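**Student:** Sequence order for the protein chains is A and B. Taking the numbering used here, the leading residue of the first sequence gets 49, the next gets one more, and so forth. Taking the numbering used here, the leading residue of the second sequence gets 49, the next gets one more, and so forth.
Please keep in mind that the hints were generated in silico from the structure rather than gathered at the bench.
Identical copies go unnamed one by one, so any copy, or any two together, can satisfy a pair.
Cut-off 30 Å, straight-line C-alpha distance, at most; resulting in silico cross-link-like pairs (DSS-like, lysine-lysine):
(1) Lys-64 <-> Lys-106
(2) Lys-187 <-> Lys-256
(3) Lys-106 <-> Lys-192
(4) Lys-256 <-> Lys-106
(5) Lys-316 <-> Lys-187
(6) Lys-316 <-> Lys-256
(7) Lys-316 <-> Lys-215
(8) Lys-192 <-> Lys-316
(9) Lys-215 <-> Lys-163
(10) Lys-316 <-> Lys-106
(11) Lys-247 <-> Lys-64
(12) Lys-215 <-> Lys-256
Nothing here was measured: the structure is a model prediction, and the numbers come from that model.
Each chain, written out:
2 protein chains.
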Amino acid sequence: MAANLQVLLDHRPTAKVSPANFRVAETPVQAPGPGQVLVRHKFLSLDPYMRGRLSDAKSYAEPQEVGAVMGGGTVGIVEASNNPRFKAGDAVVGMGGWQRYALSDGRGLNVIDAKAVPIQAYLGPVGMPGVTAWYGLNKVIAPKAGETVVVSAATGAVGSVVGQLAKHAGARAVGIAGGPEKCAYAAQELGYVVCVDHKSPHFAEEMKAALPNGVDGLFENVGGEPFAQAMRRLNNFARVAVCGLIASYEGAPTGLPDMRIFLVKRFKMEGFIVSDHLSLWPEAIGELAGLVGAGRLTWRETIRDGLENAPQALVDLLHGENFGKMLIRID
Amino acid sequence: MAANLQVLLDHRPTAKVSPANFRVAETPVQAPGPGQVLVRHKFLSLDPYMRGRLSDAKSYAEPQEVGAVMGGGTVGIVEASNNPRFKAGDAVVGMGGWQRYALSDGRGLNVIDAKAVPIQAYLGPVGMPGVTAWYGLNKVIAPKAGETVVVSAATGAVGSVVGQLAKHAGARAVGIAGGPEKCAYAAQELGYVVCVDHKSPHFAEEMKAALPNGVDGLFENVGGEPFAQAMRRLNNFARVAVCGLIASYEGAPTGLPDMRIFLVKRFKMEGFIVSDHLSLWPEAIGELAGLVGAGRLTWRETIRDGLENAPQALVDLLHGENFGKMLIRID
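Kindly produce the complete structure, drawing on both the sequences and the hints.
**Tutor:** This is the structure we're talking about:
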């Protein structure tokens, strides 16, 4: 049996996170005790929310403990089980953390069908990012046919699903992404009518041109200038789903300069965290898996090999250097 | 027949509004034409939204036309009618404007029962301010029993109704008002468990003491520091109804420094304008009139005599010098 390779948080970042904030350890793999199950991980999910957990500021999630294995979503195969819900060979998804093996009492661990869709899709379009997209679009924005929905980080793990779901709902999906390559993919593959490059020197003018009928729904993943430009074009009775503010996690805060916009536009802004809505996950996952099975939901992955590269991959994710879902493949 | 005294907008304010922005005119009263009704006004309502209409900046309402009679809510008695919906002697509520008499085609004019409640209450608790309170509390905040609801401008025409409705709903209503006299009235008469004086040098500490369980609902009428202090104590899943921002109408804009609060607290913020929801007015007015009739909804008025004093009364309203509903009694 291989050693358990683990990545631990060594110390908290004071400004920008770097790989030096982490350290790698090898520990013996332990056999499962009574009721426990041992999972060998195949993929680790890297997600923007992880940046928040590196800080000890008060937030919705408990801070990541220093000296402990970094938390994170994983898919893998059950290696040994003393838990009647699992048997060796089962494919499972859970929060196994940044390590090759995880021991679990079974809570939060779910058997998945890795034949219908690739196993790592349970960390993407049929996993947490997909449910995030589903919840924010359907439960916060609730677009009507013909309405315009703007999605920032349009090709990311969440945004790529939002665009396609919005199109299926009959809305006019407008993406915002960084660079021409991502924008071309968004428009050609992800259902966006148009995708605006926030790195363009003409970003404001291009946003104006892309939004002749204004913005009815805004699925906000980024903050900063993309947010400011979308807000300028908000229609009356718009719905803004605040899902993430990645541009502000290591940069300047994103603010709202004048609350009077709430009176002028009579709109709703709502922040949400998908883990608050666990009762809706089965419905969401069912719909998303159905769309994937029918070939109506596509996605893209950036896969890095080796757990020891997870810290750099997280840094790259925070800088938008991923293209689609950022994953670590674990040997 | 008396002359029609009118107050017109003479020129727009560039900074703070003053009586010099208005002028008084006397015109002959015209007899109603076919389908028209002539109303002699008893009371004119003064409301914070009027400040927005004095500006020509884009907003939810059309700007007040320069040189025209100022718009505003009125109650009065039908003097003569060529409209089958009205007869001489009917008490009516409508948007008659800052003038002694108004000719109307009947649109937006409604007969009221001025025996059950005083006629001017149709400009207050059983009129637009009451419906505003009802809508924001019930449709945006929707408090559960035991939750804490904070109301700024707690003794104003809107806030005074919000506090009482929140108490009836089983919530813990906490008011914010300016000065000890208003605060005492809020706590003794309006259903507030406690009212915090935003003019106190210890306002922040007093807000903390008043909110041991945080804020589940915020009915925002003011902006500025009262808003900032209430937002500091927001609970997860709070609902913020943005009804007005009177502190910013002639002062510094009220901003939100960091949107991340939406992620940390997963709350909803919604701006609303009661005239967007006309279909709900009959239900709301029915409930409010029922509460008034049962002695379960009280209010207070600041009455100034004479249309020519309406400009100064509006200025005073914007500076919080009213106590309860600000009205002009028209002779």
